[in-house]
Amino acid sequence: MAEVRVENLTKRYAGAPALDDVTLDFPDGQFFGLLGPSGSGKTTLLRAIAGFVTPDAGRVLMGGQPVEHVPVESRQIGMVFQSYALFPNMTVAENVRFGLDVRRVSGPEAARRVGEVLDLVQLRPYAARKPHELSGGQRQRVAMARAIVTRPRVLLLDEPLSALDKSLRLDMQIELRRIQREVGITTIFVTHDQEEALTLSDRIGILRDGRLIAEGPPRAVYAAPPDAFTARFLGEANVLTGTPEPGGLRLPGGTLIAVPQGTTAVAVRPEHIALSVAEPAAHNRIQARLVGRIFAGAMGTCVLDWHGQQLKVTDRDQDMAHLPDTGPVWLSWADDKTIGLKD
Amino acid sequence: MLARADRGRLAGLLAPAYLWLTAAVFLPLSAMLWFAFLTDVPFGGREASLTLDNFARALTNPTYRILLGKSLELGLIVTALCALIGFPCALVLAKAIRGRAREALFLLVILPFWSNSLVRIFSWAIVLRGNGVLDSAVNWISPWPVDVNLMFSQSAIVIGLVHSYLPYMILTCYLALQGIDDALIEAARSLGAGPLRILWRLLIPLAAPGLIAGAVLIFVPVVGSFMEPRILGGRVGTYFGTVIEDQFIAVFNWPLGAALSFCLLAVVLVILAIAAPVLRRAA
Amino acid sequence: MTLRIAGRLWLALVLFFLYAPILAMAAMSFNASPFYQLPFTFSTEWYVKLAGNAEILAASWQSVWIAVVVTVIATVLGTAASLAFFRYKFPGKRLLQALLFPPIAIPWLITGTAMLIFFFAIGIPRGAPAVIVGHVALAVPYVIVVVSARLAGFDPLLEEAARSLGATQWTITRRVTLPFLAPGVIAGGLFAFAVSFDQFVVSYFLAEPGDMTLPVLIYTAIRKGFTPEINAISTIIIVVSMLVMLLAARGFRFGGDR
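Chains as they are written, first to last, in our numbering: chain W, 1 to 343; chain Y, 1001 to 1283; chain D, 2001 to 2258.
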């Protein structure tokens, strides 16, 4: 178990920076979600921590010790790959035991630990099967078991759930979290699925174009994204731009939103907006034209047109039943739900 | 099942090739089997009757058995050398080199394989003989005079055969290794495995079909070779293949030659039968 | 890192091993010494002598025209068979495909001697026709492998679409399938040419003493004690073979990427 830290990590491929001066702490024993669109550098960062990528500049530290020059084999990591990379010529038990064989753990001891970890992932009856005889979810669990049986200092997960279909993915998310909590290893988890990151992580970090743009506990980053991109990437956001004035931000249509100086836009989450036909009393209110309704079961989304920009509001479907199909409506939200952005 | 017209077309497309193969390969093999049971070549006024003599001679004559053993041993040595030399090459090509360089190098390795094998053996005859290129090269380097004449020795035969068949092994191993996902190697490294362990527990087992395919492609022709032993081995170059050649070209005892050929064919078929399930599973 | 360097070094050594004798032979063909001995004095006299050596020229010509005939026949037969395997499913398909291996897998010594016996038994004399028959049988499996590989990238639905538009089978083949197949057919043809031109064992048993193909001539010359023109013609053969294969590989690979 160890904390991991990267300092000023930079990596360039053919001139373009895949990682641009990234400094990040991964606290001991915590589940850290690395999030970002494709090409953001999150996989490069993970591989740099693993040792498959040698950074052009910067340091990687595990347990306080620099490891940039330590080869992959000696870093004491556990890694789960997107394709699981189970050894096809070995059984489940042999796959899991592989890391113990490397560390020369003896027969009975190795068998005991393999059995333990297979129990943890609930796959002991499958110990003699070969990978091609397993389903996707089972393979994923074997990959997990194989990675943690060696008690690594840090567990690195490279989009381990993206190959699974939706319902299985949700189950596996819960499994993953449970296993991690039980074992308590520092875990770094890369995904492009922001919902997944929010569900699983103790802390998240958002990368874009190789740079770290946001970091912190999920709720905190969700409630206070630093820029419009993050606001839209993590959850949904309606970004309203206006003209800065001494009192705050003047939106088209007249409303003045009270925000600190320097704010050029505000974001409001769709679930924080209330819709009404009559003008509400709330301080933050704008008028827009209802253009459509999307029914999604328990929840629903209203699509509105506000000065040519599309806005979305989500609520429980039953609470929106009273609204007309189209026409002018009022949107309002509480002060503390205003997210100020300085782009 | 196929429609009438389709069946006609199918036959039309397949028949020519397979009729040709039947006439040129399968019928001849049957004819050879028949010949093996004759006492003499049954044409030109000669009398011929059925006999088991030829097979008896083939199987009981100690010379033939020794020579068959010699040929099998040669096959094993050459195959083993090709595996030891070729597998690392294939590994480097498949895993350590990327892109256009890899394509170019692969082509370079395969090219000699497609040139005339006789000419390549001949080139070794030039290099290996006394006062030849190798002799001169060694003497040029070494401070005292050395007589390097490898010609007409088993070493020469082995060198020539390895040179001829090495590309086969490199090709089959390369194809097998290329199919191994890089992520598997990374996973093994992440678990702490060093190169030797990765080789032993991962690469060789997964590339085994390539090794076996290469072994079959090399062992079978080597066991039946006669041209290389003759040219490079001279008097030392008597093998099962050369004996068969003699029956047809020098001694004109075709029935005996046929019987010996069939013994060789039997050995080859046994090897193919053993290797087939492994290869089919891989394919 | 050192592993990487060691690996590359090994590859370099193997390449050296593969090409050294060929290069040595080529160099020696330009050497004045008639016994392939150093010291080296540059001379093209062997190539000049080669041009005047009727026997070798006749054998070269024999090899070439036989190879051309073999190429045409084997390519047609092999392409037809490949199309059959591609288009149709039928019982015994597996067996037929497996039967393609014996010509390649069985030592040519056995196939060659068997052909010798059979042709003799049915009255076909040794000589060019017998050699052609033998070569085609050896070349067809290679053509099938190459053309089938190219066909693997062909969408069978294209033929179905053409048929639904009313085209006859022959038209489909001519205007839809063959154009796509062309690089594969050409590559297969080049393979067939190489197999025939380089073929020694089968030719050895089926050729007439007075009317030999080039490899057979070289072999008998070596057995007797060679003349240096053999060196020159050998160098030429190797260069030609490699060029042909280079063409085949480029056509095959890049054609396949289209």
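Just so you know, not all the hints are guaranteed correct.
Chain W side only, calculated, beta carbon under 10 Å to chain Y, not exhaustive [unchecked claim]: (1) V72; (2) Q82; (3) T150; (4) P152; (5) A278.
Label pairs and their calculated CB-CB ranges [claimed, not checked]: (6) D:L2158 x Y:L1107: 27 to 35 Å; (7) Y:L1107 x D:Y2088: 32 to 40 Å; (8) W:A298 x D:G2166: 51 to 59 Å.
Covered by chain Y, per the in silico footprint, the following chain D stretches (three or more residues, Cβ under 8 Å) [claimed, not checked]: (9) 2002 to 2010; (10) 2052 to 2060; (11) 2103 to 2115; (12) 2132 to 2138; (13) 2153 to 2165; (14) 2180 to 2188; (15) 2232 to 2241.
Quick caveat, the hints were computed from the structure, so don't treat them as lab data.
Just so it is clear, the structure is predicted and the values come from calculations on it, not from any experiment.
For glycine and all other residues, C-beta sits at the position ideal for the given N, C-alpha and C.
Hint by hint, here is what the structure shows:
Among the interface hints, the one on W:V72 holds; its C-beta lies about 5 Å from the nearest C-beta in chain Y, closer than the 10 Å criterion. Checking W:Q82 against chain Y by beta carbon gives a least distance of about 8 Å; that is within 10 Å, so the hint holds. The beta carbon of W:T150 comes within 7 Å of a beta carbon in chain Y, closer than 10 Å, and the hint placing it at the interface holds. A cut of 10 Å between beta carbons decides the hint on W:P152: the least distance to chain Y is about 9 Å, and the hint holds.
Nearest Cβ of chain Y to the Cβ of W:A278: about 60 Å, over the 10 Å cut. The hint is violated. Checking the proposed 27 to 35 Å range against D:L2158 and Y:L1107 shows it holds: the Cβ atoms sit about 31 Å from each other. Between Y:L1107 and D:Y2088 the beta carbon distance is about 35 Å. The supplied range of 32 to 40 Å therefore holds. Restraint check, W:A298 to D:G2166: a C-beta distance of roughly 55 Å satisfies the suggested window 51 to 59 Å.
Against chain Y, the segment 2002 to 2010 of chain D contributes 5 residues with a C-beta closer than 8 Å to a partner C-beta. That satisfies the three-residue criterion, and the hint holds. Remark: the segment 2052 to 2060 of chain D is not confirmed as covered by chain Y, as 0 of its residues place a Cβ nearer than 8 Å to a Cβ of that chain, below the required three. As drawn, the segment 2103 to 2115 of chain D meets chain Y at 11 residues by the rule of a beta-carbon pair under 8 Å; at three or more, the given contact holds. Requiring three or more residues with a Cβ within less than 8 Å of a Cβ of chain Y, the coverage given for the segment 2132 to 2138 of chain D holds, as 4 such residues are present.
Interface restraint, the segment 2153 to 2165 of chain D with chain Y: violated (0 residues with C-beta to C-beta distance below 8 Å; minimum three). Restraint check on the segment 2180 to 2188 of chain D versus chain Y: 0 residues with Cβ-Cβ distances below 8 Å, three needed, restraint violated. Given a C-beta distance limit of less than 8 Å, the hint that chain Y covers the segment 2232 to 2241 of chain D holds, as 4 residues qualify and 3 suffice.
Checked against the numbered hints listed earlier, the structure breaks hints 5, 10, 13, 14; every other hint is satisfied.
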